[in-house]
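Engineer: Chain by chain, the residues:
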Amino acid sequence: MRARLILEDGTECIGEAFGAVGDRRGEVVFTTGMTGYQEVLSDPSFCGQLVVMTYPLIGNYGINRDDFEAVRPFIHGFVVREHCEQPSNWRSAQTLDQLLKAYDIPGISGVDTRMLTRKIRHYGTLRGMITTSDTPAQELAAELASTPLITDQVSRVSTKSVFSCPGAGERIVLIDYGAKHGILRELTKRGCDVVVTPYDVTAEEIRRIQPDGILLSNGPGDPKDVPQSIETIRQLLGEFPLFGICLGHQLLALASGADTTKMKFGHRGGNHPVKELATGRTYITAQNHGYAVAAESIQGTGLEVTHVALNDGTIEGLRHPGKQAFSVQYHPEAAPGPYDSGYLFDQFLEMVARAKEEKTYAKAR
Amino acid sequence: MPKLDNMKKILVIGSGPIVIGQAAEFDYAGTQACQALKEEGLEVVLINSNPATIMTDTNMADKVYIEPITPEFVARVIRQEKPDGLLPTLGGQTGLNMAVALAEAGVLEAENVKLLGTNLDSIKRAEDRELFRALMKELGEPVPESVIVSTVEEAVAFADEIGYPLIVRPAYTLGGTGGGICDSEESLREIVASGLKYSPISQCLIEQSIAGMKEIEYEVMRDASDNCIVVCNMENIDPVGVHTGDSIVVAPSQTLADREYQMLRSSALRIIRALGIEGGCNVQYALDPHSFQYYVIEVNPRVSRSSALASKATGYPIAKMAAKIAIGYTLDELKNPVTGQTYACFEPTIDYVVSKIPRWPFDKFQSANRKLGTQMKATGEVMAIGRTFEESIMKAIRSLEIGCYHLELKGADKIAEADLRQRLRTADDERLFLIAEALRRGIGIGEIHDLTKIDLFFLHKFARIVAFETELRERELDLELLRRAKRLGFTDRKIGELAGRSEEEVRQLRKSGGIIPVFKMVDTCAAEFEAATPYYYSAYEQEDERTWTNKKRVIVLGSGPIRIGQGIEFDYATVHAVWALKEAGYEAIIINNNPETVSTDFNTSDRLYFEPLYIEDVMNIIDQEKPEGVIVQFGGQTAINLADKLAARGVRILGTSLENIDAAENREKFEALLRKLDLAQPPGKTVTSVAEAIGAAESIGFPVLVRPSYVLGGRAMEIVYNQAELTAYMEQAVKVNPDHPVLIDRYMLGTEAEVDAICDGEHVLIPGIMEHIERAGVHSGDSIAVYPPQSLSAEIKRELIEMTTKLARALQIKGLLNIQFVIYQNRPYVIEVNPRSSRTVPFLSKVTGIPMANIATKAILGHSIIEQGFEPGYHPEEQMVSVKVPVFSFTKLRRVDITLGPEMKSTGEVMGREQTLAKALYKGLLAAGMNIPTHGTLLVTVADKDKAEALEIVKRFHQLGFKLMATEGTADCLKQAGLAVTRVQKLSEGTPNLLDVIRTGEANIVLNTLTRGKAPERDGFRIRREAVENGAVCLTSLDTATALLHVLETITFSTEAMPQQRIGRAVVAQ
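Going down the list, the sequences are from chains A and B.
Quick note: to get the working numbering, add 18 to the position in the first sequence (first position is 1).
Quick note: to get the working numbering, add 142 to the position in the second sequence (first position is 1).
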């Protein structure tokens, strides 16, 4: 069945429909990972977006039971050059097409994804729509340009209630703004006693859980769309060791008085070099962010920049020296992407352990 | 960290001659390295014995030594040049081995030279089997289990422990004789028992078999600050069991989930870190298709063929970055040269599919064993880029130039079903096509998978191509169907065949519907960043991203994959043509598909199209580029073969006109031309039937040289001595008919000479004349060429110059031409004229200092030789003697007869340059890999016709102190001449016979000339093969033997007892 991808600037790409049939709009973004489409489409941070895969062959190794980053996908649409109908991999349980159908997500294949990428690179992220209708492109484009995008993604993807993944180690509260399973996986792998809370949890509720540390998860959209979360973090900052990832990083910055801005087209992929300023070492990181902490807003907040993107200087890591808090804009949990930054979870847990020790001494004294 | 400030002068080691397994990729790597080092203001000294390379151009390094790459010569260069550092990691295994040898000999320490890139310890840990296994164990990286056994029981015990299948490799047998795969105790017992017998030290290596697993490679880089990146990963379509150089490969991996990808990526980074490599490294894995279990197969602590492929596949210049890292830079301070904005510390991501298919020499070596296994056999490879897998692989097929323009092999439909299944199971060079054939016959994908172990993903893709054929056959060809066909990489020609239309009709329909390819950029980053690399591929997509200038454009056609008869020499000329075009103010555009070469470096031309050199693909580019014209004379037969088709489509061919190309290549026209110019040619005839051939040969007189018309590298050319041989040849070797005539020439046993010249249409510049050591009858590419000629009289040379000038003018040559002469009874005859760049252009350019391809290109553009500041006529001869010595890859190609003849067999060449011929030959032979024996035993077995001549040669060996061995006939002949000779038994006389003498290393030199009949069962063939496989010097031409003698006589001091003191008459005191 014929499908079209229409952009707000009037661009029209004709392709084939796959997955669910239907019209869906969203912010069109591209991601450059050559593997990891299953993780991408189930990463809650992509909620509300039409995701363009720059690699042309998607679905080659099928969809398996294990590689989901959330219990269900939240992307609004999937844009590929070709989707594989006969995947091959020992873990493959279904095709990409079957998955998208099951979750009512429209896909479009056969489009010039490189053209879309170049367009987005040039003009910045655009609003777009996957449609199987025959409505003229100009009409749809005009409608896209005048219709605001959704802003409630975090509430759509966050857990509705508190739940725990018991472990024998440190008790970590994971505030779920759209947390990837990968984060939970890294914590449980390290034996943590994890309590996952909704995004709108209050400081008081967290205190009742008596965590040893708090992890601010990744999540979709503009950090300024969740002001109550910023307020909660402000209240907890300094009281508990904090580690922010991606949206969590932006929220930590905002809670510390810094500012965030929307990037032209963001960083999405598994090949982004990040320089750790203290050591001069560069790490290849997995990234997925359309917003960033504004460099000029750092001054006077007590925050220190620890990591920057090698290519464009974007702030990729922050530290609040007095308040036992640090954060990274990228994804140490990988999934998809390189495992090079997994050590950050160890650093977090060391910080948690130190803080606990200090507390014990303080009590003893 | 900025560059090391104590490094001022660096010695780079090249990889030497092109052999199977070590080809043009190291010219590409070495050239990049030299450029990268020079950019940093370092003084670069280069040693490489291969004159056909760009890297040995004197502008590539500050000092270029074209000398043998042996510890003695490299040490000599080190003492002379006193470099601060040595960079060996870009010269392949040769470079690495040399670094180890020099370090172990203490030369580096004594001369205070720092080893750059990878330290000695790392090289050893990567290369030494035991050290490597120990390191992998330490890192927790799995390697296949193995054990060395000397009894069958030990082998069985090992099998009980780890299970089957197992691979048995007897120790120290060549080519794995006596080994095999076993899947039961019974077969294990049998194979080990025989393997132990074959092994001279009675040992076998028993290894866990990983055959059939996915083979995955990672190209990794690391700098001194421990920053590590993966440039690219690749997946072999052929599972483990076929050498990666012989495998069809795709990039990036297609069937790995992110977990598998990252698991192996992390492993590769652990390994490069543990080895402490500063530069590039390649890690090969076997991955179980049914679990996360993987094994490390091999690590190459240097840039390799795979890294050249990865560089071209992604745009990321690995060798260049490796060179910068070696002198102290870190990845995060180096800019990614593709984008110019972002940094080299980044992992390329691509948005297309890359396919590589090897190019094998079996078209030339009909009798060779075509089975693919652990010994690489390909001479070259092609790469193609597409937006779908199907498009990518179909482009690669078109690039191979094996007469296929589709996933289809002519004659495959005739193969018996059982043979087909067998050939799917044991891979050979045609398996890709046989899979398609099996699918066409309705053999199920499941069964094909069971036979080939090729991943279902790829088989489904092939099946999609085959299924689409049916669709094209059955459905009406509309624009929608056509568009889908083009996106799957079908050619207009094949679509036409299937849809019952002509190719032209399909093209018209396509164009009328706006179905024309757009061109996309290779930019390392999937368009995330702006890039300025002019590196493009075609795709049937929406947006074209080229930018245009107002400059005049000229397209140069490259020479495609490296094969016997068309080697790196043509890439050399192509690159020079591109540079000359740029100098002359044109936009130089290149079309080529060989990932190993300098011509496909995106820095070389103003625009690089990585595309098949197939007419449709070339026309797609020309249609939009609208060049001033196309230059075809540098790309060998590949480019020349496209000339008529291009001209027929209205494309202007620059340089020598098509009519004149034809006048030189068409037999009849050429004969007429020679008659008109009154130039002599060996008498000959063109025949179209067997009967005609016999008549022609009788009128010309035996021996005659027979060959099919229009051939490459003397394919299927033979000298026949009588009618029986002629009949056999005509009936078996060629398919003669009016469309495929056969040429029969008088074979003149004389000296061969060769001339390369440049003509601007009027004036002719002859940089030099080369004389061949081997007499006429040995292919010029396999002969040792000497410059300047040592035995030709001034009169003969004058005649050659005159003949060349006449021919060049008569053919209105614009550009290069090459003429082969035979001097017979003191008179030169023209054998053939090639109106294009030849194999000897780089050699002659280097030894004479005349930039031939450059001058020729400018002549093509209309600048006369005089205008360019060169003097027409014969360039004054140089004082130094230079020889070009061919290099063969016979050890890699089993069952190939090594005897020299009219068919070309060499894969590469080296140069020796010295004050005298003997010294130059010494260097040449040494550089070619000959282990020149100064004493020992000569085993002689020659054909009757050669006995008299051979006797004189044998006498001289005897005088040098060589012991003699011979078989009956030859031994009698030598005895009669008064030489002491040991008789050895012929094969038919039982054991021990002459094969045993060779096997045990008793014979150091084997002199064997060809007796008739080429069937491998002939004794001569077995003798020659045995010599090759045991590393004895095997001489099959009496001329080569004489040349070697000349060298030996020069380098050997005779040892003679002092003359007796004369005793005077007794004097008595008076």
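Since the hints were derived computationally from the structure, they do not count as laboratory data.
Don't take every hint at face value.
To be verified - List time: in silico DSS-like cross-link candidates among lysine-lysine, alpha-carbon distance up to 30 Å:
1) 224/B with 279/B
2) 694/B with 768/B
3) 280/A with 242/A
4) 224/B with 205/B
5) 768/B with 818/B
6) 339/B with 768/B
7) 205/B with 207/A
8) 282/A with 1034/B
9) 477/B with 280/A
Engineer: Take the hints in turn and mark each one as holding or not.
Structural biologist: Going through the hints against the structure:
| no. | hint | result |
| --- | --- | --- |
| 1 | 224/B with 279/B | violated, 40 Å |
| 2 | 694/B with 768/B | holds, 9 Å |
| 3 | 280/A with 242/A | holds, 11 Å |
| 4 | 224/B with 205/B | holds, 12 Å |
| 5 | 768/B with 818/B | violated, 39 Å |
| 6 | 339/B with 768/B | violated, 67 Å |
| 7 | 205/B with 207/A | violated, 58 Å |
| 8 | 282/A with 1034/B | violated, 56 Å |
| 9 | 477/B with 280/A | holds, 27 Å |
Of the numbered hints listed earlier, those contradicted by the structure are 1, 5, 6, 7 and 8.
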